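> Chains as they are written, first to last, in numbering that gives the first Met the number 0: chain A, 0 to 185; chain B, 0 to 147; chain C, 0 to 591.
Hints were generated in silico from the structure; no laboratory data involved. Computed from a predicted model, the values in this text were never measured in an experiment. Ideal placement from N, C-alpha and C gives every residue a C-beta, glycine not left out. Any given hint could be a false lead.
As the list claims (entries may be wrong) - Not close to chain B: a few residues of chain C, all C-beta gaps over 12 Å, as computed: (1) Y27; (2) A99; (3) M149; (4) E169; (5) Y200; (6) F262; (7) V273; (8) E371; (9) P372; (10) I380; (11) E428; (12) Q472; (13) S488; (14) T553; (15) V570.
Stated by the list, open to error - The calculated lysine-lysine pairs, modelled on DSSO-like cross-linking and capped at a C-alpha distance of 27 Å, are: (16) C:K591 - C:K576; (17) B:K48 - A:K10; (18) A:K179 - C:K431; (19) B:K66 - C:K375; (20) A:K19 - B:K140; (21) B:K32 - C:K515; (22) B:K30 - A:K136; (23) C:K504 - C:K493; (24) C:K116 - C:K146; (25) A:K54 - B:K65; (26) B:K121 - C:K504; (27) B:K82 - A:K10; (28) B:K80 - A:K179; (29) B:K118 - C:K394; (30) B:K118 - A:K179.
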Amino acid sequence: MKLFLKFDFTKISNVVLQEKLNAHNLKYQQSAFGEIELLEKVSAQQLEAFNDSIKNYGIYIIEDAKNIIVQKIKDAIMEMVFSEQNQISVKTSVFLSEKLNQSYSYLSNLFSEVTFTSIENYVILQKIEYTKTLLIKDELSLTEIAYKLNYSSVAHLSKQFKNTTGITPSAFQRIILKRKEIRTDQ
Amino acid sequence: MNKEYINIALADDDEDDILFFTEAFEELRIKNKVSTFKDGIELMIYLEKLEGELPDLLFLDLNMPKKSGMECLEEIKANRKFKDLIIAIYSTSSSEEDVENTFVLGANIYIKKPNNFEKLKKVLSEVVTTNWQYHTNSLNKENFLLRL
Amino acid sequence: MSLTPSKLLKIIFGIGLFVILCIGGFTYRHLNSLSKTNEVIKETYTLRSELDNIISNLKDAEVGHRGFLLTHDSLFLKPYQESKQKIENNLARLDTLILANQSQQLNLDQLEIDISKRFVIFNKSLDIADDKIILSEDILLLLHEGKIKMDRIREDIAKMLDYENKLLLESQEKNEQAIGVTPLFLYGILILTLILLLMAYAKINDDLKILKDNNEDLQVFKKLTEQAEIINNSATWIWDIVNNKFEFSDNLYRLVGEEPQSFEPTLENFFSYVHEDDREGFGQQVNLMIKKEDLPFATYRAVHKDGTVRSLRAYGKLMDTTIGEKFLLGVTTDISDDVKNFETIEERNLELVRNNKELSDFNYVASHDLQEPLRKIQTFISRLETKESENLTEKGKFYIEKIKSSSARMRMLIEDLLQYSRTSNSDSEFKKTNMNMLLEDAKQELSDSIEEKNAEIISDSLPTMEVVSFQIQQLFINLISNSLKYSRSGIAPKIEITHQEVLSKNVKVLEKSLFKYHHKFTFSDNGIGFEQAYGETIFELFNRLHGKTEYSGTGIGLAICKKIVENHHGVILAEGKPNLGASFIIFFPFLK
């Protein structure tokens, strides 16, 4: 039997984090997703032990301030792309500078410096990844997905999809479908 | 990902192509370590014996003596040990059927060997960055399909 | 043979038989009535003689009576007594004669009364005569009275005779009446019967003639069949399954290399001519033939005594007759020549398939393997350009530029050739595909040059068809890029794609198609077009209408289109008008 699963990564991360924090007897307060305020002084040794225990889950402590801002930018972008109300019709630049209270050019430069990619590219990447998950679910047509993700037209989404991945949305859907067929056959 | 370098493996029987490939990585700003294999069998022996971390990226030429890239791909995908391995097909062929077949069999990236060194550099850098994006942003690797 | 003549004959004979029966009936009835009349006459005659006898006996009594009266001699009393007795007998016989007739009975009663009265008078006068007085007053009176009585008796008898005469006459008249029509009637019927029989005879004669003609035709037909069998190398046979008897046509003997009717026609004898390896199979086929009562073909080899081997094919069909017999009617043909031809064709076909495969393999391998060194040449050039550029003279850079453009062109040729040889691969999968999607994908593929040329592409909604999707997408890409490439400078390309379903018989190029319907796709543009004279050569491999420097192209693109369309059993046409535009029309067959 094959099961196809859908994950809520945010929830998983939060649950793991809480368990590990409790296991290491750390008093904390979660201020935002991916941001924790430790309420008591912690030794470097303790912190390292905690760091080691969460590594296996792909969770890393970002020490650098720049990294923190980048992470905040990324979180904001995720919020923008995956927001259920979807209609955040303001420009990414406006949205980010308002959200993080910094000038967009500053954020943009910082982002490129740390991630080797631009905010714009990152937004596109996230949108295309979201498009992929929606395509696999096969509940929405490409036109509906384009609308949901605030694209001006299907052609625009198609083109961006093709430019980012090198294949068309329909080819993507076909390939994933065939992969599933092969796996269920085995 | 706090590693100092990116670990790359290439299986290709063509010496010139290996030369282009390694030179291109040398010229890229990314710190890397490239291991090369002359055919599929050599590659598979290396992978089976491997105890530490898997390569971050594996480049497979389709047309190789002894064991073809397609055969390697199928063997790798059938082994749970390699389930996290990102595989890039690196081939002369650009037939739509070849491309789709390798994707269906589980390849993540399909690169048609470019006929220009600058383009090769660009393509390889794009592969590395996209791979890194997937890695750092915990994206679903099942959906990682890239054709260049 | 029609059944009506024999039916007609049956009817005629039926009528004849009926008529003869009628005649018999009539005759019997008439003879019967004749004999009845005779009887009546005989009766009348007897009656008459009896009555006559009464008169004569009465006279005898009178004579005796008178003699006694005169002589008183008792001698005379004897005849008197005798006649009295006789009269009584007469009356008794009369009574039996007229038993059936009531009016005669009455008459007879009257007669009897009168006679007895007469005898009363006789007796009275005899009594008186005993007194010996001759002719006394009383006797005279009695004599008178006797005479009157006698007259009365005569009258009675006359009356009875009259009546009897009348009866006789009546019966005679009736008889005559009946007999009068009968002969005419009988004669008429006899004539009719004769006519009918004559007709039947004529009919039988006719039928016999037809039968004879048919027989002659049959003889001719038999001869023709024999001739046809010899010419066609075929033979016929009949197998009476119930009695297990065979009948072989002459040519069947010749087919197994023997003289006609030279051996007894049995299955065993025939089997000895069947090739050893085929005997088992042939036997099974024969058994099947009987079981299924109908068998497509049984093919086997026959070996002649001189060793010649011929291929024969037999076909049998069962015929049931109404009387429970079962015949297997068969035809056997010598198909040695066909088998030989078929083998040759098969061989040639195999050779052709082999050649084609070799050619396409060669094409594929050549173009595929040529790519490798070319790609390296190009990559090394790019290395030279970036790394060694400052070490090159201007001339050197110019040469490098030339090598670059030549190798680029070579690359294009190889890629197109590869594409062409890939479309030759016929083992691709046909799948139901939405053509709109393929067109969308094709447009995606060309999006850069569409944008660059600022081209407009308008299309109808396209159908879903069973196609090899890679190929159709390639077809769309080639046609659209063709239009983009051969656009007029300064005019934005406009490509219109239309679709409609057409009836094959309404389109000239599809008239011979086995499919009733075709999808018609038209790709029209506003580009440079071409002279209609090139409408066909445009699809030939390596055929180019324009110089290499003018428009880059390999002359393979449209050849690929044609190949793809043909792979889908379709037809592609090109229509062009110089400086106005070109249209490519594609027909794909489909079933409704």
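> Is the Cβ of C:M149 farther than 12 Å from every Cβ of chain B?
Given a closest Cβ separation of 155 Å, the condition holds.
> Run the distance test for B:K118 versus A:K179: straight-line Cα separation, threshold 27 Å.
Violated. B:K118 to A:K179 sits at ~34 Å, over the 27 Å cutoff.
> Examine each Cβ of chain B, and state whether all of them lie more than 12 Å from the Cβ of C:T553.
holds (16 Å)
> Given the hinted pair B:K30 and A:K136, is their alpha-carbon gap at most 27 Å?
Not satisfied, since the Cα-Cα distance of roughly 38 Å exceeds 27 Å.
> A cut-off of 12 Å on Cβ-Cβ distance, and C:V570 was said to be off the interface with chain B. Does that hold?
holds (25 Å)
> Grab the minimum beta-carbon distance between C:S488 and chain B and tell me whether it stays above 12 Å.
Non-interface label stands for C:S488: nearest chain B Cβ at 29 Å, farther than 12 Å.
> Would you check whether the claim that C:P372 is not at the interface survives, using Cβ distances to chain B and the 12 Å cut-off?
violated (9 Å)
> Would you mind confirming whether the straight-line C-alpha gap from B:K66 to C:K375 stays at or under 27 Å?
holds (23 Å)
> For the pair supplied as a hint, B:K82 and A:K10, is the alpha-carbon distance within the 27 Å limit?
Roughly 24 Å separates the two Cα atoms, so the pair holds.
> Once the closest CB in chain B is found, is it more than 12 Å from C:A99?
holds (127 Å)
> Confirm or reject the statement that C:E428 sits farther than 12 Å, beta carbon to beta carbon, from all of chain B.
Violated, since 10 Å does not exceed 12 Å.
> Assess, step by step, whether the Cα of A:K54 is no farther than 27 Å from the Cα of B:K65, and give holds or violated.
With Cα atoms ~40 Å apart, A:K54 and B:K65 exceed 27 Å; violated.
Hints 8, 9, 10, 11, 12, 16, 17, 21, 22, 23, 25, 26 and 30 from the earlier list are contradicted by this structure; the remaining hints agree with it.
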